[in-house]
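Protein chains: 4
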Amino acid sequence: MSTYGTLFRVTTFGESHCASVGAIIDGCPPGLELSAQDIQIQLNRRRPGQSDLTTPRNEKDAVQLQSGIEQGVTLGTPIGLLVRNEDQRPHDYTETDLYPRPSHADYTYLEKYGIKASSGGGRSSARETIGRVAAGAIAEKSLLATVTRPIVDAHPTRCPHPETAERMKARIIRAKDASDSIGGTVTCVVRHLPPGLGEPVFDKLEALLAHAMLSVPATKGFEIGSGFRGAEVPGSRHNDAFVQRADGSLGTRTNWSGGIQGGISNGEDVYFRVAFKSPATIARKQDTAKYDGEAGTLAARGRHDPCVVPRAVPIVEAMTAIVLMDALLIQKSRVAAMSLLPPITTLPPTMVMPQKARQEAANTTTQ
Amino acid sequence: MSTYGTLFRVTTFGESHCASVGAIIDGCPPGLELSAQDIQIQLNRRRPGQSDLTTPRNEKDAVQLQSGIEQGVTLGTPIGLLVRNEDQRPHDYTETDLYPRPSHADYTYLEKYGIKASSGGGRSSARETIGRVAAGAIAEKSLLATVTRPIVDAHPTRCPHPETAERMKARIIRAKDASDSIGGTVTCVVRHLPPGLGEPVFDKLEALLAHAMLSVPATKGFEIGSGFRGAEVPGSRHNDAFVQRADGSLGTRTNWSGGIQGGISNGEDVYFRVAFKSPATIARKQDTAKYDGEAGTLAARGRHDPCVVPRAVPIVEAMTAIVLMDALLIQKSRVAAMSLLPPITTLPPTMVMPQKARQEAANTTTQ
Amino acid sequence: MSTYGTLFRVTTFGESHCASVGAIIDGCPPGLELSAQDIQIQLNRRRPGQSDLTTPRNEKDAVQLQSGIEQGVTLGTPIGLLVRNEDQRPHDYTETDLYPRPSHADYTYLEKYGIKASSGGGRSSARETIGRVAAGAIAEKSLLATVTRPIVDAHPTRCPHPETAERMKARIIRAKDASDSIGGTVTCVVRHLPPGLGEPVFDKLEALLAHAMLSVPATKGFEIGSGFRGAEVPGSRHNDAFVQRADGSLGTRTNWSGGIQGGISNGEDVYFRVAFKSPATIARKQDTAKYDGEAGTLAARGRHDPCVVPRAVPIVEAMTAIVLMDALLIQKSRVAAMSLLPPITTLPPTMVMPQKARQEAANTTTQ
Amino acid sequence: MSTYGTLFRVTTFGESHCASVGAIIDGCPPGLELSAQDIQIQLNRRRPGQSDLTTPRNEKDAVQLQSGIEQGVTLGTPIGLLVRNEDQRPHDYTETDLYPRPSHADYTYLEKYGIKASSGGGRSSARETIGRVAAGAIAEKSLLATVTRPIVDAHPTRCPHPETAERMKARIIRAKDASDSIGGTVTCVVRHLPPGLGEPVFDKLEALLAHAMLSVPATKGFEIGSGFRGAEVPGSRHNDAFVQRADGSLGTRTNWSGGIQGGISNGEDVYFRVAFKSPATIARKQDTAKYDGEAGTLAARGRHDPCVVPRAVPIVEAMTAIVLMDALLIQKSRVAAMSLLPPITTLPPTMVMPQKARQEAANTTTQ
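Residue numbers (the numbering used here), protein chains in the order written: chain A, 1 to 367; chain B, 1 to 367; chain C, 1 to 367; chain D, 1 to 367.
Just so you know, not all the hints are guaranteed correct.
[Said to hold, decoys possible] Label-pair ranges, simulated between beta-carbon atoms:
no.	chain 1	residue 1	chain 2	residue 2	range
1	C	E163	D	V189	31 to 41 angstroms
2	B	S51	A	P348	34 to 44 angstroms
3	D	T146	C	H192	44 to 54 angstroms
4	A	R84	C	R301	35 to 45 angstroms
5	A	R229	B	T148	22 to 32 angstroms
6	D	V189	C	R229	17 to 27 angstroms
7	B	T345	C	Q37	18 to 28 angstroms
8	B	I151	D	T96	45 to 55 angstroms
9	A	T96	B	I41	43 to 53 angstroms
No lab work stands behind these hints: they were computed from the structure.
Each residue gets a CB set at the ideal place from its N, CA and C atoms; glycine is no exception.
Please put together the full structure from these sequences, using the hints given.
Rendered as structure tokens:
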């Protein structure tokens with residue numbers, strides 16, 4: 001459905017041509033300084049028309065906060081927000097509308113609901129991700145995250161490696177010039193994540209991330225750490241050997257695990273990669289069929305992103321922040337409940353070792 | 001947590017050395033003929049010791065049904081079931097236990113819970129998947145699924161392509177002989193799935209499948225349809241053009257979408273691929289550190305699977321059946337609710353076209 | 001949290017002095033004719049200022065639909081809606097604000113969140129119920145419910161028994177004239193509910209109704225059927241003996257069960273009663289303490305409802321419709337799944353009797 | 001369904017005549033000392049045959065822990081447990097089975113599921129509550145609760161007021177001697193509950209308690225604090241004025257609110273009352289109808305509780321502990337997240353007063 005999360009919970013609404021798109025973000029910690037600008041910055045990064053790599057439409061996408069904040073501080077109550085759709089009227093019905101767009105959601109929405117929005121993507125429109133990005137901005141602020149945006153945003157492709165970025169740009173422009181489109185991948189790295197996040201067995205951290213990423217429109221794949229290539233490496237090389245860190249805790253020498261072991265973060269960088277397909281809507285003519293089965297040729301009207309990857313970066317960031325904030329809140333409650341219990345002194349060391357070990361290491365260090 | 005699903009819901013329990021592992025399966029349709037044997041067949045496929053490619057341990061894994069079934073027919077109430085652990089006592093504590101196994105869950109469970117099972121994988125053990133496989137067997141029976149098991153199971157690798165299967169076998173035996181391990185991928189194809197399954201926006205069908213697959217131990221990646229390679233193909237080639245099927249409905253000429261568009265099944269085959277890493281537990285010596293940070297060398301005791309892929313096949317099947325059964329029940333309720341409403345006659349054709357088109361096609365056919 | 005329901009799901013936002021209050025209603029069947037007016041009618045019934053029994057404030061409470069509907073027909077996607085708050089600015093801070101209002105939520109919100117809205121009830125304001133009433137109007141329309149509003153609304157107390165209504169009115173006016181307040185009870189009767197709704201064991205239909213009712217502000221009690229008085233009646237009188245209905249199905253001679261047995265509706269009228277306390281905010285002076293513990297005297301400013309009962313009626317109706325719509329969707333999915341299974345012929349008659357019996361009765365009737 | 005709770009989550013299974021009844025308790029804090037005996041004590045209190053007020057059946061109901069505990073300490077993983085059913089075989093089918101028992105769940109289960117267990121109550125049997133009571137014992141231990149059981153259990157009715165207890169006993173024996181049954185109410189008082197528990201708006205603490213209580217078989221009503229009688233008292237008397245407690249915090253002079261305001265615990269005693277109807281199964285003859293509609297006379301076989309109230313006390317306690325443990329975990333996560341945020345210094349005092357006030361009071365006290 002349209003709700004995601006357990007304690008940090010996002011519910012979105014909106015189609016491409018209705019009055020507005022928006023979200024309710026529930027479970028934000030009370031007492032957080034939060035302004036519309038915090039959210040707007042991220043919405044602007046998601047917005048079309050930022051460079052010649054994205055569609056030239058220029059929607060303003062100004063967020064309107066409705067509730068949950070007073071005097072610039074969150075109340076702990078649900079944060080309602082919305083962004084007006086600039087063009088709210090469905091267009092007039094034309095010959096082109098008789099075709100379900102290939103690899104788009106027109107056909108499946110009709111099969112599922114028996115009815116679909118008359119114009120544009122309806123609920124499957126990329127405008128639906130506005131609510132996600134807004135929620136992600138709130139999650140990120142709640143996590144007190146520091147994000148390396150300047151480096152990421154230095155190039156219009158949002159690829160931080162300059163040579164690769166230029167090659168990507170050339171490939172996208174080539175697709176654009178050919179009235180075609182192209183896909184790509186987004187890699188996300190999360191640093192300084194505390195160990196202990198993720199809920200075995202069904203809600204392993206990588207499972208939550210995979211769920212979140214594959215819920216983003218146009219995604220085709222997800223891999224954590226070594227990913228698909230990891231399947232080809234023997235265990236003796238793939239295993240991440242432990243080493244002692246400066247603070248006495250354990251780290252790993254390599255990080256093929258991608259910062260998650262047994263579904264739980266281990267304190268190393270979490271990194272994963274998401275595949276985005278080429279946008280389905282292209283100006284090129286396509287031989288396909290109408291809803292009534294009649295064969296014909298479709299050429300999409302309007303202007304469209306030749307590649308979603310640059311605009312997908314803030315969406316990947318947002319979904320990541322949402323997942324981590326929820327996982328953090330759940331783990332925090334466990335730690336708080338554990339801290340109320342009397343200590344257990346009778347257990348064998350292998351059942352409770354790290355705390356003891358780290359404490360001793362800490363003692364040694366301070367002596 | 002340990003619960004998965006909305007209307008078809010699985011909750012599992014159990015560690016490697018406790019009394020039993022098991023599950024409660026809630027939401028099974030009443031009136032389904034279901035025997036312990038239906039479940040046992042799948043548990044046997046998951047079981048170790050089936051060939052020289054898997055660990056020679058021979059656990060019997062006999063399922064004991066506790067509730068929810070009478071006279072061989074489901075009552076619609078929760079089905080409780082369990083499988084005894086053969087070796088229920090934790091082993092004596094040895095030098096090896098001072099090491100968190102690299103790329104295993106020992107360290108992260110301790111970080112998360114402050115305590116862990118003294119022996120084996122505890123909750124992260126592959127024995128946890130017994131509950132999933134049992135639930136999957138029930139889901140599959142509920143779906144009235146016909147599964148092409150003979151072909152899949154013809155070779156011990158469960159690869160249906162004989163030449164590839166032999167190459168896989170050789171690679172696994174090479175790893176085994178080197179006291180090492182190796183990974184691999186499992187591809188799953190679902191045929192004859194009705195269109196309309198999957199709930200936009202957060203619970204797209206591919207997002208649910210990705211979540212389910214990445215919740216399986218040792219998985220590192222998921223891709224649907226064209227997957228990561230799809231990112232490199234221009235839209236003009238990646239788009240699945242529509243064609244009219246014999247029954248008047250629309251199908252697609254190609255299927256790079258993997259049977260899902262806009263998060264909703266479209267009636268074509270759903271197929272996806274899951275990456276499994278090489279098992280972390282290997283007999284080879286590994287230079288690593290103890291819980292207390294002291295560097296040292298670990299060599300795992302006992303016998304272990306050199307490759308999880310053959311045994312992973314029934315687990316992938318099970319999680320797939322669980323996801324689909326849940327998605328089907330949710331869609332069924334929508335269709336039932338829609339069918340109660342009076343028909344809408346005033347909508348423009350693009351909002352409701354397919355039904356009309358198909359109905360007309362059907363009328364034409366029957367004339 | 002702020003979300004209610006499984007398949008028909010309501011999420012609300014809004015405080016008393018923020019920009020707007022609203023809701024996202026997810027899971028509405030697609031293809032339902034639905035207008036803003038359908039919702040406005042119910043919001044008007046909830047609104048203050050309808051008679052001299054309610055507060056004279058006159059907020060317009062005009063609903064603004066945001067999404068999920070096109071051409072007056074639901075799309076099956078989330079319906080976003082909001083109602084502007086007329087007075088959005090918190091008032092200036094005065095001496096009175098130093099007191100947590102007795103039996104109000106000021107103190108507990110501060111304890112829970114460490115911060116609270118500076119004015120009015122914040123999230124605990126009765127304005128929060130606007131989202132519920134709007135969702136209830138949608139649920140009611142989805143249920144194709146016919147509601148006996150004219151009779152209920154004939155008197156400003158919404159008591160359909162004229163003499164009692166006059167006595168209630170006199171009691172409320174007496175409280176009002178004394179700058180005081182008074183409580184009351186609302187009884188709700190649901191007719192023509194199909195049997196089979198409600199999910200044992202934790203989600204019995206009466207448990208869902210109790211949850212929904214006690215989530216309404218100012219409620220203190222819930223009883224189903226015979227309720228508290230039923231506890232005093234011996235089983236021989238309390239039991240509802242079965243009788244055959246005209247259509248061959250079974251009904252009950254009495255209905256102390258309130259239409260629910262074993263947590264499942266039985267086809268008889270479902271009826272329950274909800275207790276509402278006297279409103280906490282009264283103009284009378286109250287000896288109480290400030291937040292800092294200093295004793296003092298508080299007299300509430302402004303005008304307030306002397307009794308919430310008349311305005312509570314549409315809220316009780318709304319929550320009832322929401323619960324029933326969700327329960328119906330869940331049961332519909334079960335029935336649909338059952339209908340796909342092959343019939344079971346080998347079971348003893350006591351396990352499957354009613355269908356057979358009813359079918360035979362039906363056959364007899366038609367012969 | 002058969003799952004209850006968000007972070008502390010209970011899932012139960014089992015009918016009256018299947019192999020066993022049991023539960024999976026997920027979310028128990030790790031590191032809690034927990035033995036089978038902790039659970040058995042509560043199961044024994046629930047068990048029939050404890051006095052001449054309950055049915056003389058003597059089921060042993062010995063709990064078998066399956067998982068989640070090692071060396072007498074919880075691991076934080078799901079705790080699986082079960083209790084064997086002594087008489088697992090359904091009885092032979094007799095004339096009596098042709099009657100759906102009046103006010104029992106026979107008829108509604110058949111309507112809902114199209115099939116029902118052939119013997120006894122099936123899933124609606126009181127044996128289903130075994131899982132709840134076991135889960136409650138774990139929740140109670142997690143809450144480090146001290147329960148005044150000796151006083152409660154001093155009399156077989158579990159009424160702590162000796163004179164009333166004797167009158168209750170006489171009334172129950174009168175019902176028993178008349179082959180009849182009788183109902184009653186259970187009042188539960190929770191002392192020393194911290195303020196801040198309960199989640200507005202749909203999951204108010206009283207709403208969660210009402211849900212939990214009305215999910216217990218044979219309940220007909222719930223009231224919190226002043227309850228139904230509170231509806232008759234004017235606000236000027238019903239309001240709970242604040243007073244400063246010795247520790248500087250605020251308490252209330254009266255407690256008509258029942259320790260909950262705005263859906264959130266306020267630190268005062270939480271108390272509520274639950275109505276239980278007279279048991280439906282009585283030995284007296286009842287004029288009723290068979291499944292096929294034929295009128296006839298039913299006399300229940302076997303021995304039955306003339307009153308469920310004494311045995312209901314541990315079930316009410318259990319459900320209360322489950323609700324509170326879940327609410328506590330959720331609030332703990334919020335407090336932990338808040339504690340990470342930088343302090344806000346710019347807010348008006350009414351938005352953040354209590355902390356300041358209490359801190360100042362504390363400072364004054366310690367000077």
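Here is what the structure says about each hint:
1. C:E163 with D:V189: 31 to 41 angstroms: holds (39 angstroms)
2. B:S51 with A:P348: 34 to 44 angstroms: holds (36 angstroms)
3. D:T146 with C:H192: 44 to 54 angstroms: holds (50 angstroms)
4. A:R84 with C:R301: 35 to 45 angstroms: holds (36 angstroms)
5. A:R229 with B:T148: 22 to 32 angstroms: Holds, at about 29 angstroms.
6. D:V189 with C:R229: 17 to 27 angstroms: holds (23 angstroms)
7. B:T345 with C:Q37: 18 to 28 angstroms: holds (20 angstroms)
8. B:I151 with D:T96: 45 to 55 angstroms: Given a distance of about 53 angstroms, which is inside 45 to 55 angstroms, the answer is holds.
9. A:T96 with B:I41: 43 to 53 angstroms: The hinted range 43 to 53 angstroms holds for T96 (chain A) and I41 (chain B), with Cβ atoms some 52 angstroms apart.
Checked against the numbered hints given earlier, the structure satisfies every one of them.
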